[in-house]
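Each residue of the sequence shown is one higher than the last, beginning at 2 in our numbering.
The set of hints was computed from the structure by calculation and includes no laboratory data. One or more hints might be untrue.
[Stated by the list, open to error] Only pairs whose alpha carbons sit at most 30 angstroms apart, straight line, appear in this in silico DSS-like list of lysine-lysine: (1) Lys11 x Lys24; (2) Lys39 x Lys29; (3) Lys46 x Lys29; (4) Lys39 x Lys17; (5) Lys39 x Lys11; (6) Lys36 x Lys17; (7) Lys36 x Lys24; (8) Lys46 x Lys24.
Predicted model, so just to flag it, every value in this text is computed and none were measured.
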Amino acid sequence: MDKSDIILDKLNSMEKSLRAENKTLSDKIDRLENKVEKLENKVDKVSEKQDMSWQAIQEIRDDLTENSAQIKIIDNKVKAL
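Could you put together the complete structure from these sequences and hints?
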């Protein structure tokens, strides 16, 4: 076995090692992409719930304003009696 064969063997070994590492990293990337997608879905759900909460708060504020106005009207009528 001459020097060129030794170099070729080492290069082949390095190539196999790099391919294996590349496959491992590719698998990790796939898993991370799946996790990111799941997290994005959860964030979307939380965002929807937050929007619903703000809408409910606004409705409660509107009801409170309307009820306060009605209470003032009733209070004025009672005072007028």
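Going through the hints against the structure:
Of the pairs offered as hints, the one joining Lys11 and Lys24 holds, with about 20 angstroms between alpha carbons and a cut-off of 30 angstroms not exceeded. Simply put, Lys39 and Lys29 have alpha-carbon atoms about 15 angstroms apart, close enough for the 30 angstroms limit, and the pair holds. Of the pairs offered as hints, the one joining Lys46 and Lys29 holds, with about 26 angstroms between alpha carbons and a cut-off of 30 angstroms not exceeded. Under the criterion of a C-alpha separation no larger than 30 angstroms, the hint pairing Lys39 with Lys17 is inconsistent with the structure, at around 33 angstroms.
Straight-line distance between C-alpha atoms of Lys39 and Lys11 comes to about 42 angstroms, which puts the hinted pair past the 30 angstroms bound. The hinted pair formed by Lys36 and Lys17 meets the criterion: a straight-line CA distance of about 29 angstroms does not exceed 30 angstroms. Proposed proximity of Lys36 and Lys24 is supported: the alpha carbons are some 18 angstroms apart, at most 30 angstroms. Distance check on the hinted pair: Lys46 and Lys24 sit about 33 angstroms apart at the alpha-carbon level, beyond 30 angstroms; violated.
Violated hints, in rising order: 4, 5, 8; the structure is consistent with all others.
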